[in-house]
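Protein chains in written order, with this note's numbering: chain A, 1 to 205; chain B, 1001 to 1206.
Among the hints, a few may not be true.
Quick list of the computed label-pair ranges, beta carbon to beta carbon [said to hold, decoys possible]: (1) B:G1158 to A:Y168: 52 to 58 Å; (2) B:D1178 to A:L194: 41 to 47 Å; (3) A:V150 to B:R1169: 40 to 46 Å; (4) A:T80 to B:D1183: 43 to 49 Å.
Straight line, CA to CA, 30 Å or less: simulated BS3-like cross-link-like pairs of lysine-lysine [as the list claims (entries may be wrong)]: (5) B:K1069 to A:K176; (6) A:K197 to A:K81; (7) B:K1027 to B:K1069; (8) A:K161 to B:K1099; (9) A:K59 to B:K1127.
Derived from the structure by calculation, the hints contain no laboratory data. C-beta atoms are modelled at their ideal positions from N, C-alpha and C, and glycine is treated no differently.
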Amino acid sequence: MKFKWMLFFLLPFALRAQEIKMSETEIKVFKTEVMKSSANTQSLTSDFIQTKHMSFLSKPIESSGKLSFKKPGSVLWKYTKPFDYSVIFKDDKIYINDAGKKNSVNTGNSKMFDKLNKLIVGSISGDMFDEKEFIISYHKISDKSLVRFVPKDAAMKRYLKQIELHFYENTVSEVKMIEPNDDYTRILFKNKVLNAKIDNSVFNP
Amino acid sequence: MQRLIIAFLTLNLMLSCRSVVPSGSQKISTKTAIFFYSPYFTDAAKDYVFKASIDAYSRSFGGILIIKKISPITHRVVMTTEFGNRVFDFEISEEQGFKKNYILEALDKKPILALLKTDFSLLVNNKFKYFDKYTNIDKEYLTTELNKQKVHITLEKGQLTAYRILKNRRPYLNIHFDASAGDFPTKVLLDHSTRKLRIKLTPFTD
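Given only the sequences and the hints, what does the whole structure look like? Please build it.
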């Protein structure tokens, strides 16, 4: 009888997905699988939902849109709700279109988002695990993988504490950017389509 | 000499009011202070979230502006990029004044902080004390003070439509509100005429 009661209390903990650090072998296998998946990916489109979580807010701030990627490194982040805003990363330049107002430089977020974009592009191209820039740790949660990136650069640490990339079937399914005060931005990717034809004009500023 | 100075200062004050208040307006003065309460940003249960569009000299950029009443006398004002990274983060209190929680290093300069303090302290302030009121048909003009700066408040048919700060009798800051029945202004424009700086705020719609 006592054993049954113990099971009753312990079962929820067993059922909740636990985060487990990957072994060295698992890390090697994971990286190899990601790189293989990346090598086979020439393009990617995905819907995304972004939520901004700040401690003083009543509820997170939500926005959404579409991400397009084409090898070797063209990326379009296009927000459609609740505002029209797009950023193109192309040829080492950043092009912004804010509801029709165009700008080719954005000093406030470009460095930060450039780093994030390199991570996401890198995860697609297989070139993301930059240990010169980040302290990287690898974890498993149920059928997903979680990789944590802690910046080494002091300047970056002032506005970014940590980035988490969640992988499902060897592609990024979620990004979480955590600020030094523990506020964070989460981006969920849905309806991913790999290797569809994307016209180059999509990435024209 | 003293009378000359007083006359000069009085003339100066009258001229500065006149540039905001149309001629022919009727003045009503009281000896006891009256309080005007701004209807905006007053509900602590709400997040006031705006898409911010900024034109600064020849450049345009934007972000998301969040205003939150975090206590009966304090507002939190945070601007982020569209991607969610904080640009600045202030607390503005009627009693404790202006507190900087965070600002991007590139913006952490005295003149920029002073400008942001003036703009957002005025924008979120809920309580103004005044002695003089001018009326003209369906408009009212109140003269008050905030952080040692003279502020002119315009009401149209009883609704708050503008704040104005003059410096040396010239427009320094105009804040325009599109008419709104509630506590969430439908559109806000902060216009610094002398600095070619305009901040347009459009509320997020669910």
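Taking the hints in turn, this is what the structure says about them:
Between G1158 (chain B) and Y168 (chain A), the C-beta spacing of about 56 Å keeps the proposed range 52 to 58 Å intact. Against the hinted window of 41 to 47 Å, the Cβ-Cβ separation of D1178 (chain B) and L194 (chain A) comes to about 45 Å, which satisfies the hint. Checked against the hint of 40 to 46 Å, the C-beta distance between V150 (chain A) and R1169 (chain B) comes to roughly 55 Å, which is inconsistent with it. At roughly 28 Å, the beta carbons of T80 (chain A) and D1183 (chain B) sit outside the given window of 43 to 49 Å.
A hinted pair counts as satisfied when its Cα atoms are at most 30 Å apart, and K1069 (chain B) with K176 (chain A) qualifies at roughly 27 Å. Between the alpha carbons of K197 (chain A) and K81 (chain A) the distance comes to roughly 25 Å, so the proposed pair stays at or under 30 Å and holds. Proximity of K1027 (chain B) to K1069 (chain B) is assessed by CA-CA distance (about 34 Å); at most 30 Å being required, the pair is judged violated. Restraint check for K161 (chain A) and K1099 (chain B): satisfied, since their Cα atoms lie roughly 23 Å apart, inside the 30 Å limit.
Taking the CA atoms of K59 (chain A) and K1127 (chain B), the gap is about 27 Å. The hint holds against a cut of 30 Å.
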